[in-house]
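Chains as they are written, first to last, in our numbering: chain A, 1 to 628; chain B, 629 to 919; chain C, 920 to 1063; chain D, 1064 to 1422.
Check each hint, because a few of them may be wrong.
[Said to hold, decoys possible] Quick look at which bits of chain C chain B covers, simulated, 3 or more residues with Cβ under 8 Å:
1. 956-968
2. 997-1003
[As the list claims (entries may be wrong)] Using 20 Å as the maximum straight-line C-alpha spacing, the simulated SDA-like pairs for lysine to any residue come out as follows:
3. A:K448 with A:L533
4. D:K1371 with D:E1109
5. D:K1376 with D:E1109
6. C:K1018 with D:H1105
7. A:K562 with C:A1061
8. C:K1057 with B:Q683
9. C:K921 with B:F682
10. A:K589 with D:G1102
11. A:K589 with D:F1101
12. C:K1055 with C:Q924
13. C:K1018 with D:F1101
14. B:K691 with A:R564
15. A:K562 with B:F696
16. D:K1114 with C:S1007
17. C:K1057 with A:R564
18. D:K1376 with D:G1349
19. B:K691 with A:L419
20. A:K67 with A:G104
21. C:K925 with C:I1042
22. D:K1375 with D:E1144
23. B:K691 with A:L553
24. B:K691 with A:A550
25. A:K520 with A:I249
26. B:K691 with A:K67
27. C:K1018 with D:G1107
[To be verified] Listed below are several chain C residues computed to face chain A (Cβ distance under 8 Å; list not exhaustive):
28. V984
29. E990
30. Q991
If you are wondering where the hints come from, they were derived from the structure by calculation, not from laboratory data. Keep in mind the model is a prediction, meaning the values are calculated, not measured. In this text, a Cβ means the ideal position worked out from N, Cα and C, and glycines have one as well.
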Amino acid sequence: MNIVLFLILFPLAMAGLIALLGGHVGLRTALVKIGSGVVAIGALVLLALNLQGETQWLRFDWPWLQKAVLGLDILVTLILLVIAVRGRQITVTALVIAQAALIGMTEFGGHAHAHVEAPLFIDSFSMIMAHIVGVIGGLIVWHAVGYMPHYHHHHPEVPGGQRWFFATIYLFLGAMYALVFSNHLSWLFLAWEVTTLCSFLLISYPRTPEARHNAFLALRLNMLGGVAFAGALLYLAKTGGPFALSEIIRSAPASMLVPVLLICVAGLTKAAQMPFSAWLLGAMVAPTPVSALLHSSTMVKAGVYVFVRFAPLLQNTVMGLLLALIGVTTFLFASCIAISQSNAKRVLAYSTIANLGLIVTCACVGNPQAVWAAILLIIFHAVAKALLFIAVGSAEHSIGSRDIEDMEGLIERRPKTALAILIGIAGMFLAPFGMLVSKWAAIEALMKSHPILPVMVAFGSSATLFFWSKWMGKILSTVKGPPPPHGPVSMEEKNAMFFLSLLTVGLCAAWPFISSLSIKPFLLSYYGTAVELNRVTIVIMSSMLALIVALPLSLLYKGEKKLRITTPYLSGANVLERDLFTASIGGTKPLAIRSYYLTEFFAEGRLTRMGLAATIALLAALVMVVKP
Amino acid sequence: MNLTHAILAALLYIVAAPVLAGLLAGVDRIISARMQARIGPPLLQPFYDLFKLFQKERIAVNKTGHFFLLGYLLFTIIAGVEFFIGGDLLIVIFALALGSVFFVLGAFAAGSPYSHIGAERELIQLMASEPMLILSAMGFYVATGSFQVHDIWSRPDLLIVILPGMFAGLVYVLTIKLRKSPFDLATSHHAHQEIVKGITTEFSGPYLAVIELAHWYETILLLGFLYLFFAPWPWLAVLALAAVYFLEILADNTNARLYWQWVLRSSWIFTAVAGAGNLVVLYYLSRGGTP
Amino acid sequence: MKLFQKSPWIIHYDGASCNGCDIEVLACLTPRYDVERFGIINTGNPKHADILLITGYINEQSQPVVRTIYEQMPEPKVVVAIGICATSGGIFRECYNTKGGVDSTIPVDVYVPGCAARPESIIDGVVQALAILERKKKEMAARP
Amino acid sequence: MANRTVIPFGPQHPVLPEPIHLDLVIEDEHVVEAIPSFGFIHRGLEKLAEKRDFTEFTFVAERICGICSYIHGMGYCQAIESVMGLEIPERAKWLRTMWAELSRMHSHMMWLGLLGDAFGFENLFMAFWRVREGLLDIIEETSGGRVIFGAAKVGGIRRDVPDDLLARIPAQLAKIEAEMRPITDVFRDDFSVRQRLCGVGVLSQKDAYDLGAVGPVLRGSGVAVDTRLEGYAAYDRVQVEPIVESDGDCWARAMVRIREVYQSFEILKQVLPNVPAGPVDMKVTGAPNGEFFARLEQPRGEVIYYVKGSGKKQLDRFRVRTPTFANIPPLLKMLQGCQLADVPVIVLTIDPCISCAER
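Chain A extracted, bound-state conformation:
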């Protein structure tokens, strides 16, 4: 099982190497590229070595290891403290100090420190997470190699720091691996804090006041979660509870209410759930690869990871129901708000928040089928969202805007990028693509819990239908003649888009296999039962997919030669060019067609306030329910 250690340590080593040698551009590029390949292939090797998805434990006989973890903990805390103090952030400073105090009391408070026999482990769920981190993360890093020079070209005001940028990203990936393989809660906490730190560094990368502000916002909200997490550790230490994830999961739910709740609150912050969702929107200021990374394979996925882990404890509890309500409320409100957004990245951000809400909901409902849906959602969301961010980043470079309205007719201007975005969007909401498969499973699963959950999902998913469809429509519709695109798309960007598109489509064909190979063993190990798939449904879904892929072939039908191309209907006011019409007071006017944003109906501010109020009330209810 050295591969696990390798997966954790290799990115860390890469981070160090790039930090040391990254001054040389060529060398750095080569290093980053090789590194991304190794990370992705390493994850795949893991699959090959452990095809059955058996749970395996890693034991270490090194007594200094725990002390090293503690040392690193202190180091990370110190770095955070320096950042907070130098940034004159009083709240953040207070939070860091609070967290340090909690950890100090845990470690040095004279409690019998729980010994964890196997601090690292691997089961089929961590393998799925490892693939997401490795394959998608690797592709994003590969993309970043091509993207970053463009980025600096378009943003000359941003000081170059690609060396530290790539080092941080590798550190991030290493921390994510550590997070999903940790069985020891202290180790998990360390990885948790490192991801917080890395996200701060990456968000503040542009060095603008806005970036700085948003980075501190992210830090503040995530530190809130960090403090909660540290509180959970202290509670466990005081009550002599287990420190091993595997033991916590197997213990009686009633005895674990407080620590589980605290860690779940930490999960809420990381998964950008309301009322902690603001940081994810702010994180858009960072370059595209960072957004792609934060939204798809890392960071937010760390948040939902703990929920899925704790799912058996949350099943059939009031706490679980309340947390599920927070998730579903986030889903509903974020989906509705996304309708009013025209900035592509904000739409993606709200959609991420919404989908994570759905994952949280499923995990908190916690029955086998719901967890099955949650894991499928994690997989499909990671792939499709990474693809969307990367494709939108490319589109932004070639059209000079990230506004959806400016993507009009992208299908003619940049067919490949447009196709990638279309596949990504289809992957996010259309039958029979992944997210829809999962949503279908989610609704079935949530029906076994309280009906208010699936009802809210039904409303939320109709809202997603609206904003995704109009975006697709915008890309497909051509009103003006295509203006020449500026700026080429780099090879690396194309590769990443191609592979992620392939993955998005391929995964929908392959999901029954993923389900039976990876998710089923996990559920069996957790619950002793698993979900059986309806064969007819799979056949229908597959044939729908085949049809969607085959439909473009109908364009080759030769009867279409008889087609007469004419002008669009403009009430008879057409002028020869298709985007002009005879205007009032003489002359001609260009046509402009814009999508609906329904900004009064789905007002961002009002809905955000409503969502915040609802989720804060739910949090308060949680505190009332869970008394230590």
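Guided by the hints, dock chains B, C and D onto chain A, whose structure is given.
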């Protein structure tokens, strides 16, 4: 349901649905005309129109728009087939939504203002009607313990008795789906509309015929949804469906077209009250009154 | 079956008329005349229409509009000029901005007389147009 | 940053029987800006007055517009008669009043139907037009024409109406009135209709006055002005009260027109029994010399005719200021901030007669 039955049911739907829906459209037009003190067209008029449209010249704004219409037709048929072979209700609803999205994309692709506005309005209507459809599937699930149409179909008890809210909600949403006033925002069977023909503005001849055909398939599928409420008593079901359809025609003839805000708000509220209310009541009843 | 005779869809445009013929065209749709009996529907959209009913003569400003509408109609299509103005310019023939009847701009198949044309004669004109529509359909099919 | 759609609305548009064009700028469905354009049916018929004999020109004047055709003919004749100092026979005056009211009723009922259609209430359109046919029958029986009466003539009316026919009309009108009641009640009470009309396209009293609105648009905003009170034809001998609504919205304008239809029934009840016996026209000799303004109340509001002659058979100058033309500035005011769905409704509530406005 075994394979032979399933194939037969699918074939029957593919062949019989347009015939049935066409006749229904004919009756609809005659009844509407009578309500307006007119004689109205012959019963077979919808078929004359359809076949005529297939014979018209093919014109289009660009070479891609109509490709999406094929998707509209195909996925609507798939939704219907999945329904009538007794498949998963949620898949039916998603396939239906997929078909509608294809339709909308086709209209967007035309890049013409009126079809664009029509497409946006169609999306609003989709957003308005979708929750109720999903909720009705949930209602069937709570009542019968299954999402499979086959299981729901073969239940001996009359579902309308325990799902009256769902039925009312579906009838409400049916008005949107059938493009009847006051909810004929995106396009209308009548001529005078502020956005011309809305979503169908740019589609003519055979392409318009495809849209009409898909709409017919959709109509029968939705009526099938309503049939489920009365499944054990087919005669009552036919009677109820006739009454519902008449009600839709009546609503069409006694209402002005409303604003999109009103359509969206009212159908979401109606869904939340009738649909979700029904669901929650059922949930607590099934748990013996204890929350 | 002669489908075009059973399902003619019309579109109406006011070239430059006094309204008299226009409201009579609309009156054809209403209960007393009820042209839907013959499957006639007023579509309002050139792309759906088979028969273009034009009232009034053509002036400088309406000429391109009429041309566009005609061009946007799919084959087979028939043009019916309604009222004496549409036929020849009628009482406005000597006005300074006239281009003449509808046939000055697009080919006309049926001329309906009257000022204003009565609903009965408009319906008669449309019925005459049906035969022409059917003929054009055959010509269209014969074309390679 | 605003996402604004810019589209042409008209000239060819199914809700507009006549060509008018608006450059619409909309945001979602909010109308941000609407710039109108005219001239699609400009015929230049005022210029034609220089080529035609002034008596013959009556036919042209009747074809200024096919809906308010009769009043145009009558107004033109009244103007010429005033220039020439002709006092036309009493019977002609009364019959003119009758036709003017019949013409107002058929115009209003046509308009009510079209309005119903504009907000997607097809049944209402059919119902109003069905009832209106009865009115057209009366018009056809008395004048010979359905929409263009051809009854106006300088110096009187073109043909007399038999007394037995006049005696039959009240019964016919009573039947029409009975048929109308339930349909107009829909306008008054129906939920969806009120949704579409109440509070839409509000024109304040001050705006209506300042922008020079006329007719039902002005009266719908609470200004009691009705040119019929000037007492032309036989209006000085019948009871006419201006019909006023105060809300200034589309519903108020619709109500004004509905009440005016009923008012016309009342006026006809006063006119028909009182038509005196006698000749209906007089011999006209000479040619107009001088100038005159005639003001009449058209269904759409006040219309002004200006004629100037210099003793020739042809007029020097003929000019019409039609109500639609006057109502365009208020229309632009009303369109501000409305919904896309309201555009046809608001445009219709000024009862646009583009043929009139563009002549």
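Going through the hints against the structure:
Under the rule that three or more residues need a Cβ within less than 8 Å of chain B, the assignment of the stretch 956-968 of chain C holds, with 10 such residues. Taking a C-beta to C-beta cut-off of 8 Å, the stretch 997-1003 of chain C contributes 0 residues in contact with chain B, too few for the three needed, and the coverage statement is violated. Taking the CA atoms of A:K448 and A:L533, the gap is about 17 Å. The hint holds against a cut of 20 Å. At most 20 Å may separate the alpha-carbon atoms for a hinted pair to count; D:K1371 and D:E1109 meet this at roughly 12 Å.
As the CA atoms of D:K1376 and D:E1109 are separated by approximately 15 Å, the hinted pair is consistent with the 20 Å bound. Between C:K1018 and D:H1105 the alpha-carbon distance is near 12 Å, which keeps this suggested pair within the 20 Å criterion. Straight-line distance between C-alpha atoms of A:K562 and C:A1061 comes to about 14 Å, which keeps the hinted pair within the 20 Å bound. Taking the CA atoms of C:K1057 and B:Q683, the gap is near 11 Å; set against the 20 Å cutoff, the hint holds.
With a C-alpha separation of about 13 Å, the suggested pairing of C:K921 with B:F682 holds against the 20 Å cut-off. Restraint check for A:K589 and D:G1102: satisfied, since their Cα atoms lie roughly 18 Å apart, inside the 20 Å limit. Note on A:K589 and D:F1101: the hinted pairing holds, with a Cα-Cα distance of about 16 Å set against a maximum of 20 Å. The straight-line distance between the Cα atoms of C:K1055 and C:Q924 is roughly 12 Å, inside the 20 Å bound, and the hint therefore holds.
With a C-alpha separation of about 18 Å, the suggested pairing of C:K1018 with D:F1101 holds against the 20 Å cut-off. As the CA atoms of B:K691 and A:R564 are separated by approximately 9 Å, the hinted pair is consistent with the 20 Å bound. For the suggested pair A:K562 and B:F696, the alpha carbons sit about 18 Å apart, so the restraint of at most 20 Å is met. Of the pairs offered as hints, the one joining D:K1114 and C:S1007 holds, with about 18 Å between alpha carbons and a cut-off of 20 Å not exceeded.
Taking the CA atoms of C:K1057 and A:R564, the gap is near 19 Å; set against the 20 Å cutoff, the hint holds. For the hint pairing D:K1376 with D:G1349, the CA-to-CA distance comes to about 8 Å; that is within 20 Å, so the pair holds. Using a Cα cut-off of 20 Å, the hinted pair B:K691 and A:L419 holds, with the two alpha carbons roughly 17 Å apart. Proposed proximity of A:K67 and A:G104 is supported: the alpha carbons are some 13 Å apart, at most 20 Å.
Restraint check for C:K925 and C:I1042: satisfied, since their Cα atoms lie roughly 14 Å apart, inside the 20 Å limit. Between D:K1375 and D:E1144, the direct Cα distance comes to roughly 15 Å. Compliance with the 20 Å bound is thereby established for this hinted pair. Straight-line distance between C-alpha atoms of B:K691 and A:L553 comes to about 13 Å, which keeps the hinted pair within the 20 Å bound. For the hint linking B:K691 to A:A550, the alpha-carbon distance of about 17 Å falls within 20 Å, and the restraint holds.
Distance hint between A:K520 and A:I249 is fulfilled; the C-alpha atoms sit about 18 Å from each other, no more than 20 Å. Of the supplied pair hints, the one linking B:K691 and A:K67 is violated, its CA atoms being roughly 68 Å apart against a limit of 20 Å. With a C-alpha separation of about 13 Å, the suggested pairing of C:K1018 with D:G1107 holds against the 20 Å cut-off. The restraint placing C:V984 at the interface with chain A holds, with a minimum CB-CB distance near 4 Å, inside the 8 Å limit.
The criterion of a C-beta within 8 Å of any C-beta in chain A is met by C:E990, whose closest approach is roughly 7 Å, and the hint holds. Residue-level restraint check for C:Q991 holds (minimum Cβ-Cβ distance to chain A is 6 Å; threshold 8 Å).
In terms of the numbered hints stated before, the structure departs from hints 2 and 26, listed from lowest to highest.
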